Amino acid sequence: MIRQTTLAAALLCSTPFAHADIGVREVAKGFDRPVWAGVPQGVDGKLWVMEQAGRVWIVDAKTGEREKEPFLDINDRVSRRGNEEGLLGLAFAPDFQTTGRYYVNYTDKSKDKQTLISRFISKDKKTTDPQSEEVILKFPSIFDNHNGGWIAFGPDNMLYIANGDGGAGNDPKNSGQSMDTLLGKVLRIDVSPATGYKAPSDNPFVADKAIKPEIWAYGVRNPWRCSFDRKTGDFWMADVGQNKWEEINYMPKGKSSGANYGWRLREAGKETPNKDVGGPAPKDAIEPVYSYDHGNKDREGLSVTGGYVYRGPLDELQGRYIFGDYQNPRIWSFELKNGKVTDFADHTQALQPEGGRINLISSFAEDNDGNLFIVDHTGPIYQIIEK
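For the sequence shown, position 73 matches number 73 in the numbering used here, and the numbering has no gaps at all.
It is possible that some hints are incorrect.
As the list claims (entries may be wrong) - DSSO-like cross-link-like pairs, simulated, lysine-lysine; straight-line CA separation at most 30 Å:
#	residue 1	residue 2
1	Lys253	Lys270
2	Lys212	Lys109
3	Lys244	Lys126
4	Lys198	Lys253
5	Lys255	Lys212
6	Lys46	Lys126
7	Lys275	Lys253
8	Lys62	Lys29
Said to hold, decoys possible - Have a look at the derived ranges for each label pair, beta carbon to beta carbon:
#	residue 1	residue 2	range
9	Thr195	Glu354	48 to 58 Å
10	Asn75	Lys275	26 to 36 Å
11	Val206	Glu354	51 to 61 Å
12	Gln131	Lys337	42 to 52 Å
13	Ala350	Gly82	47 to 57 Å
14	Asp112	Gly355	44 to 54 Å
15	Gly30	Pro280	27 to 37 Å
16	Arg25	Thr127	20 to 30 Å
17	Leu302	Pro140	43 to 53 Å
18	Asp21	Pro280	45 to 55 Å
19	Gly319	Gly45	22 to 32 Å
20	Gly279	Pro313	21 to 31 Å
In short, the hints are calculated from the structure, not lab data.
Just so we're clear, the structure is a prediction, and the values are computed from it rather than from any experiment.
We treat Cβ as the ideally placed atom computed from N, Cα and C, and that holds for glycine.
Taking the hints into account, I'd like the entire structure generated from these sequences.
Quick look at the structure:
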């Protein structure tokens with residue numbers, strides 16, 4: 001069981017962090033509610049920026065200029081019935097440079113509120129014919145919130161998908177712990193076939209016909225941004241809490257198969273306050289390595305946004321997990337040593353644009369050199385730099 005550390009404990013037991021002389025530069029601005037950014041393997045100097053309403057733009061990371069045409073435009077297919085719906089995630093295939101294949105996660109406009117995982121092909125790597133869409137996986141969202149939306153290729157070249165529990169309060173369908181639904185789960189699928197996908201034979205529950213074979217891990221509420229450490233392959237996941245706790249989960253490479261993160265019984269390693277759904281920790285439950293109380297008087301935060309372990313050019317930040325909060329836009333980092341949080345640091349004041357502020361941290365992004373970017377839901381994209 002992974003040890004949990006709260007904010008107070010982190011501050012008490014950590015050694016002082018020598019604050020790096022860091023800041024941010026504005027890379028680009030003027031996007032319509034951006035929620036993701038990233039780059040394909042082998043590409044330098046560019047940044048792909050996703051707008052929640054259904055468009056993706058390619059931007060010059062130095063000048064901020066965007067291409068005249070969007071890389072993808074499926075605005076007519078994307079539902080925005082709630083603040084948490086929309087075009088939410090993108091993953092470039094490892095062989096994107098040769099195949100042009102990539103994958104998106106979005107909520108569609110169907111009456112039954114489907115979440116779609118679709119494959120697209122960009123022939124020129126600059127634009128996409130929307131008619132190239134192949135829906136490879138879909139499932140109902142139930143309500144308008146808790147859609148998760150993160151997708152990425154892992155170190156094993158499998159596609160991972162983090163899904164929320166379907167929405168509302170207290171997970172009314174018990175999706176987190178029910179193994180006959182894809183909601184409240186982290187999925188792992190093999191998208192190497194020319195069409196469709198396969199459930200990998202080494203997925204933890206693939207032999208049990210009563211369990212969805214795509215399930216890799218379960219017991220999550222609304223995972224908002226996960227990542228794999230580009231150096232170690234370790235898995236990190238931020239899970240948005242209900243009304244009390246926000247949490248960061250960590251699993252070493254090769255150890256996350258079959259993991260149960262506890263929801264709806266547990267909220268950040270503690271019994272869910274609602275007496276009708278809370279309960280003792282399931283056997284072998286994975287507790288977060290870090291959590292913070294979003295109901296305290298200091299309002300440390302209200303909705304966690306997961307980030308990355310920093311592997312860029314700034315020596316002072318090496319190996320530190322950097323993350324933030326969406327509604328109270330603070331930015332923190334820590335190191336994890338022997339399963340314990342140490343050297344906790346608050347970078348909120350340092351990482352502010354000159355003459356302005358970051359408003360709503362919807363995501364972090366990483367390029368192929370390990371540079372880290374901050375996506376502000378109000379429109380700008382920033383890069384963390386040395387002053």
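Original post:
Looking back at the numbered hints, which does the structure fail to meet, lowest number first?
Top reply: Of the numbered hints, 3, 7, 10, 13, 15, 17 and 20 do not hold.
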